[in-house]
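Participant: Listed here are the chains, written in short residue letters.
Number of protein chains: 4
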Amino acid sequence: MEEPALTATAQIQVRFSEVDSMRIVWHGEYVRYFEDGREAFGRKYAGLGYLDIYEAGYTAPIVDLKLHYLRPLALNETAIIEVRYLRDEAAKLRFDYIVRRDKDGEIAALGSSVQVFVDEKGDLSLNTPQFYETWKERWLTK
Amino acid sequence: MEEPALTATAQIQVRFSEVDSMRIVWHGEYVRYFEDGREAFGRKYAGLGYLDIYEAGYTAPIVDLKLHYLRPLALNETAIIEVRYLRDEAAKLRFDYIVRRDKDGEIAALGSSVQVFVDEKGDLSLNTPQFYETWKERWLTK
Amino acid sequence: MEEPALTATAQIQVRFSEVDSMRIVWHGEYVRYFEDGREAFGRKYAGLGYLDIYEAGYTAPIVDLKLHYLRPLALNETAIIEVRYLRDEAAKLRFDYIVRRDKDGEIAALGSSVQVFVDEKGDLSLNTPQFYETWKERWLTK
Amino acid sequence: MEEPALTATAQIQVRFSEVDSMRIVWHGEYVRYFEDGREAFGRKYAGLGYLDIYEAGYTAPIVDLKLHYLRPLALNETAIIEVRYLRDEAAKLRFDYIVRRDKDGEIAALGSSVQVFVDEKGDLSLNTPQFYETWKERWLTK
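Protein chains in written order, with this note's numbering: chain A, 12 to 153; chain B, 12 to 153; chain C, 12 to 153; chain D, 12 to 153.
Simulated from the structure, these hints should not be mistaken for laboratory data.
No experiment lies behind these values; they were computed from the predicted model shown.
Every residue gets a Cβ at the ideal spot worked out from N, C-alpha and C, and that includes glycine.
None of the hints are false.
Partial selection, computed: residues in chain D whose CB lies under 7 angstroms from chain B:
#1 F27
#2 S28
#3 Y61
Label pairs and their computed distance ranges (CB to CB):
#4 B:A57 - C:L81: 47 to 57 angstroms
#5 C:G58 - A:T20: 27 to 37 angstroms
#6 A:G68 - B:D130: 47 to 57 angstroms
#7 C:T89 - D:L135: 19 to 29 angstroms
Bound conformation, chain A alone (with noise of 0.2 angstroms):
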């Protein structure tokens, strides 16, 4: 039986200067809309957020990103990011999310991130560090 998924979502409204001349959000901007929703999932699922990992002694870079555009946002707009853990044995992090459209609960756009573990030496963490088996024991189905 699928164990339910962990899911956050953050609510962004479009500011002028993410909006390009094309009159519409500039692709770039979303990958600080994906990192809002990634701030809103650890709020939520406390111990996973940028100042946990930090204070553990890690950090947690990205080393993959996918985004998929389908339909603009324009100013003013205000949009739903749904961000959405991905359960991996591996030491790593693995999200991805849905931006909709406030106004029509349209898609607006799709993307993945992964993240891996560093440690304070700058050296990849291949094991999953104590802190997120603790998270893991604590938010996830056996």
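Given the coordinates of chain A, assemble chains B, C and D onto it according to the supplied hints.
Facilitator: Chains B, C and D alone, transformed into the frame defined by chain A:
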């Protein structure tokens, strides 16, 4: 016999504002670096810059973007963005990217992008726009 | 007797991508925070948002911007941007700004901006545009 | 007799992502342009770059920033940022800036910045740090 690839390069120097609290370039900044590469390509192979496309009555929004990060870039480091045009029979623009650290030639990041053509009415162009056909005839080996 | 000031507030939460290698918000990000404040003002006192101005046939570019930094903002902190409209008989939009840390109410930054009106031909509007006169009549005490 | 001013220049080319929906450089991007100018200054007059300051055990946060906009910059235009060091007996770094359009030499923007020195404990340095005294002795006329 395979035709030689069309490539162009741009050089960037990492700015203070691009560096995050891990003291490396924030992963979202590479979206701008890729854009620098595409603009260099558009200048070298005249007729594919943002303004050329716009003057022909089109925009070319990004619909797919992939980034793969291998090594960090630090403050004041310079990097070379190599952009390569990928032939596609469909009405699409495909590029891939290599970002190399200038100091040792090591690859910092790889990526790819796909753009489509949208006309002035906002409709997706299923056929190759005339200006792009002309560009292909000029720059691509038959 | 002095008329009561028109003010609006916006709340922001510091994003990872806004923080620099000193682990505080990069000073340039406050320009966006001020913009968030102005947009909140435009929503509260209907008719002065970027889109309202645009639909009236104008743009309102910033011609002066001042920022004064007092205390840093760190990752995940929230801040309140208070924006205040300053009356000016000339065809100008003047605002000043206070950015307060939510946790202690201390001022993180102060600032001010001046905007002019430019018409569709790109000419500076020396007289107050009609839409702005209308806005003043609605919102300002005689 | 007045000493000759210490100045440096940086060149930028307007990027697509820097342009707003008015098809001109978004006003907040000039904060980055000024930073490009300061970094060029730090390279020319060795010892005042961000990393030099950091290695001396200090950071130099901006406490005041003023921007005055005169003419727009459009996509693909190049501009020259001229940065000038202003002597100050206090423990402060003062610069002013001129951003000129390359095509006609006209001034796009002017500005100024003030930085203070903060030591590793986070305290404001009221006295001129030793590394800055050394820098002054090297580069400023007695």
